[in-house]
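Enquirer: Chains as they are written, first to last, in the working numbering: chain A, 405 to 731; chain B, 331 to 773.
Hints are not guaranteed to be accurate.
What the hints assert, rightly or not - From chain A, some residues computed to sit far from chain B (all C-beta separations above 10 Å):
{"hint": "1", "residue": "Pro-418"}
{"hint": "2", "residue": "Ser-431"}
{"hint": "3", "residue": "Leu-437"}
{"hint": "4", "residue": "Asp-547"}
{"hint": "5", "residue": "Ser-549"}
{"hint": "6", "residue": "Arg-588"}
{"hint": "7", "residue": "Pro-606"}
{"hint": "8", "residue": "Pro-607"}
{"hint": "9", "residue": "His-642"}
{"hint": "10", "residue": "Val-686"}
{"hint": "11", "residue": "Leu-701"}
{"hint": "12", "residue": "Gln-721"}
Stated by the list, open to error - Partial list, computed: chain A residues near chain B (C-beta under 10 Å):
{"hint": "13", "residue": "Asp-508"}
{"hint": "14", "residue": "His-525"}
{"hint": "15", "residue": "Ala-532"}
{"hint": "16", "residue": "Ser-584"}
{"hint": "17", "residue": "Leu-614"}
{"hint": "18", "residue": "Gln-645"}
{"hint": "19", "residue": "Ala-647"}
{"hint": "20", "residue": "Pro-651"}
{"hint": "21", "residue": "Gly-685"}
Keep in mind that the hints were calculated from the coordinates and are not lab data. Positions of the beta carbon are idealized from the N, C-alpha and C atoms, including for glycine.
The primary structure of each chain is shown beneath.
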Amino acid sequence: MTALSPAQEVITAPWVRKDLLGLWELSAEEIRLVLQTASSFREVSERSIKKVPALRGKTVVNLFFEPSTRTRTSFELAAKRLSADIINITAQASSLSKGETVLDTIRNLEAFNVDILVIRHGSAGVPAAIARQSRASVVNAGDGSHEHPTQALLDMFTIMDKKGKIEGLNVSIIGDIAHSRVARSNVWGLTKLGAHVTLCGPPTLMPQHLDSWGARVTFDVEEAIQGADVLMLLRIQHERQEASLIPNLREYRLRYGLDATRLARAKPDVLVMHPGPINRGVELDSQVADGPNSVILEQVTNGLAVRMAVLYLVAGQQGKPAMPEER
Amino acid sequence: MSKLVIAGGRVIDPANKTDGLFDVVIEAGKIAEVRPTASGSKSGRNGTSADTSVIDARGRIVAPGFIDLHTHLREPGREDKETIDTGLHAAVRGGFTTVCAMPNTEPAIDEPGVVEQVRQAARRAGLADVQVIGAVTIGRQGKELTSFGELFDAGCVGLSDDGSPVSDSLLMRRALEYARIFNRPIIQHAEDLKLVVGGVMHEGAVSTRLGLRGMPSAAESVIVARDLALAELTGGWLHVAHISCAQTVDLVRQAKRRGIRVTCEVTPHHLALTDEAIGDFDTRAKVNPPLRTDADRLALIEALADGTIDAIATDHAPHTDWEKDAEFDAAPFGISGLETALAVCVTELIEAKRLTWPQLIERMSCSPAKIARLPVGTFSVGSQADVVILDPDCRGTVQPHTFCSKGRNTPFAGRELTGAVVATIAQGRTVFQSSHARAEAHR
């Protein structure tokens with residue numbers, strides 16, 4: 405394991421957050437602490453008995469308002485390997501139709517004295533709103549186009565593992581930046597750790613007003629590939645074509661898809677990453693997705709360690725009072 | 331006949347270009363006289379007789395009662411959000427003696443029966459006067475024009491599909507054209523529905539960071555540009571509701587120079603706040619049109635000062651707490667504005683030295699009265715005695731739980747603001763007195 409070799413600084417600052425809502429509000433120090441904690445948890449999954457008692461007696465609820473297989477499974481397995489009890493709830497996107505708000509749902513769960521709520525919601529800001537009102541710790545498992553902090557943390561963990569560092573690396577994120585929570589979390593995290601981030605995609609999928617992001621923007625995929633140490637591809641949703649954001653998927657593939665020809669112009673040791681699920685033949689050619697530069701499956705493996713670390717860290721702060729009520 | 335004298339205050343009556351120390355004398359619900367305050371008067375109680383009561387207004391500002399061109403009273407249909415009665419209590423607490431009720435009720439105010447229903451409920455409440463804005467199209471569906479003549483005969487002061495725009499260009503042309511018979515405005519909620527699809531806040535740096543769908547300023551300005559061309563074409567009277575961005579300000583300014591018949595209004599919240607108020611997904615700052623950038627805010631203030639913007643209107647939009655507690659995408663748009671309008675304007679416009687007191691009073695009383703073509707907003711002798719008495723220096727914290735409105739949805743909660751309504755007099759009758767003023771009166 406090259407990640408966080410003894411030569412690197414040891415983080416001594418304690419974790420003080422009840423919740424993990426996004427990387428926007430984390431300091432570089434806090435991000436390094438999560439990555440370091442994850443690296444010790446990765447070892448657990450390599451044992452024959454893959455379980456530690458760290459969260460015994462704690463209850464984790466996976467509350468998913470949006471369909472997800474890999475993130476939900478990853479959190480579930482992470483909680484189980486920490487010996488926590490875990491409940492999976494798949495809820496309707498908005499229960500307002502029944503006259504019940506998301507907060508009503510949360511208050512009902514809180515009545516069971518749960519410790520950690522892992523929340524995925526199609527609407528930005530829901531985990532933040534719940535965290536303000538709940539005693540339980542809240543972990544954001546993806547909210548609308550806002551943030552997906554554990555995905556970015558596992559991406560950074562994987563880069564660290566493969567490259568030994570993040571500072572000074574050229575990371576290009578290619579695809580639907582405008583609608584991507586993964587892109588946002590990665591931009592905040594990577595720039596804090598000193599990477600040079602390039603965002604690439606058609607203008608219709610690139611947010612306006614990027615001045616404060618600290619990232620380079622290009623519409624030319626060749627420019628994004630050249631000199632990059634990491635290529636992070638994002639999934640192109642079919643809905644984007646329906647909304648006229650791109651003319652069609654074929655046009656996207658021709659102009660922005662990563663295939664062997666384009667990859668040949670990249671650095672030989674470039675990492676190819678994708679948060680999944682892949683749209684094979686659109687943003688990523690199968691040959692590249694399954695090729696030697698791809699670390700897509702290692703991202704999944706590392707996701708488990710990162711989520712164990714996050715659950716462990718917030719659990720240590722669980723029981724602290726929620727933010728003071730403003731209303 | 332009993333007499334009421336409001337004595338010793340700084341009387342600001344822009345309609346008559348009055349600004350100075352005067353006594354306002356009210357008889358039989360009408361303004362009887364505005365006379366210079368007698369010098370040497372100590373308590374303001376000089377000349378008191380048995381049938382005369384005196385309000386000591388020294389240190390206060392005395393002005394014509396405010397007229398709100400844009401109020402959502404929610405009744406009929408959504409009495410859980412507001413009733414005409416609670417809305418009017420909020421209005422008089424805010425210094426408003428006339429409010430114009432928007433027609434996006436359930437059912438919509440699109441026929442004379444509903445107009446009469448609203449006016450009757452208002453008369454029962456007996457606080458501020460309610461004027462009605464009827465719908466432009468049946469059911470606010472944007473398909474077929476309502477019976478303009480019947481609605482105006484029933485007392486409507488303008489027509490609007492507010493909440494929704496009149497999107498169809500031809501229908502908008504016909505509405506502007508036909509309303510010329512009545513010399514009344516078509517009030518447009520200017521929003522290109524295609525450009526804002528799914529949007530929940532201003533499209534800018536904050537929406538980009540939060541990952542919330544944006545509503546670009548162009549969604550407002552393209553409709554205003556179109557409507558100004560239609561107003562020029564038809565000679566109809568266009569009133570643009572709640573303008574929110576610098577581009578719209580420029581369009582209206584140019585149109586006025588060219589003699590196009592256009593008026594417009596701005597809300598206190600667009601004068602005070604920007605998209606930063608959404609902060610960490612605060613649904614209380616979710617409003618349509620959205621809070622925009624500081625450059626837009628400053629352009630609105632400048633336009634209000636130079637007269638490009640005619641009036642301040644609250645767009646009072648009360649909602650229940652549980653609706654606003656929903657996820658940001660699902661929470662309804664709107665701010666409960668009647669009870670904070672004055673203090674927000676004093677803080678942002680007077681204290682910040684952007685407007686003078688007479689300018690502010692004009693934009694809140696006589697100018698909106700002209701747009702609604704109502705004989706109020708003035709202290710001319712014989713006019714209806716609608717008066718607001720203000721404490722210009724009083725500082726207080728906005729506490730939504732003390733609101734008379736059922737809607738406690740305000741991004742100003744907890745903010746310290748300057749300026750307070752001390753008393754509101756409608757048709758010669760005191761309909762609101764602040765607790766502070768009541769305590770003083772009993773001393």
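Enquirer: All the hints need checking, so say for each whether the structure fits it.
Expert: Okay, the hints, checked on the actual structure:
1. Distance check for A/Pro-418 against chain B: the nearest CB is about 24 Å away, which clears 10 Å, and the non-interface claim stands.
2. Every C-beta of chain B lies more than 10 Å from that of A/Ser-431, the closest at about 17 Å, which supports listing it as non-interface.
3. Every Cβ of chain B is farther than 10 Å from the Cβ of A/Leu-437; the closest lies at roughly 23 Å, confirming the non-interface assignment.
4. For A/Asp-547, the requirement that its beta carbon stay farther than 10 Å from each beta carbon of chain B is not met, with the minimum near 8 Å.
5. Consistency note on A/Ser-549: stated as away from chain B, yet its beta-carbon is not over 10 Å from all of that chain's, at 3 Å minimum.
6. With a cut of 10 Å on Cβ distances, A/Arg-588 falls inside the contact zone with chain B, its closest approach being about 6 Å.
7. No Cβ of chain B comes within 10 Å of the Cβ of A/Pro-606; the nearest lies about 16 Å off, and the non-interface call holds.
8. Remark: the non-interface label on A/Pro-607 is consistent with the geometry, its nearest Cβ contact in chain B lying 14 Å away (cut-off 10 Å).
9. The non-interface label for A/His-642 is consistent with chain B: the shortest C-beta to C-beta separation is roughly 17 Å, beyond 10 Å.
10. No beta-carbon of chain B is positioned within 10 Å of the beta-carbon of A/Val-686; the least distance is around 22 Å.
11. Every CB of chain B lies more than 10 Å from the CB of A/Leu-701, the least distance being 27 Å, so the non-interface label holds.
12. With a least beta-carbon separation of about 19 Å from chain B, A/Gln-721 lies farther than 10 Å from that chain, consistent with its non-interface assignment.
13. For A/Asp-508, the interface hint holds, the least distance from its beta-carbon to any beta-carbon of chain B being 8 Å, beneath 10 Å.
14. Look at A/His-525: its Cβ gets to within about 7 Å of chain B, closer than 10 Å, so that hint holds up.
15. Interface restraint check: A/Ala-532 against chain B, minimum CB-CB distance 5 Å, threshold 10 Å, status holds.
16. A least Cβ separation of about 8 Å between A/Ser-584 and chain B falls short of the 10 Å threshold, and the interface hint therefore holds.
17. With 10 Å as the threshold, the beta carbon of A/Leu-614 comes within range of chain B, its nearest partner Cβ sitting at about 7 Å, so the hint holds.
18. About 16 Å separates the beta-carbon of A/Gln-645 from the nearest beta-carbon of chain B, more than 10 Å, and the hint is not met.
19. Hint status for A/Ala-647: holds, given a least beta-carbon distance of 8 Å to chain B, under 10 Å.
20. With a least beta-carbon distance of about 18 Å to chain B, the hint placing A/Pro-651 at the interface is violated under the 10 Å criterion.
21. With a least beta-carbon distance of about 27 Å to chain B, the hint placing A/Gly-685 at the interface is violated under the 10 Å criterion.
Against the hints set out earlier in the document, violations occur for numbers 4, 5, 6, 18, 20 and 21.
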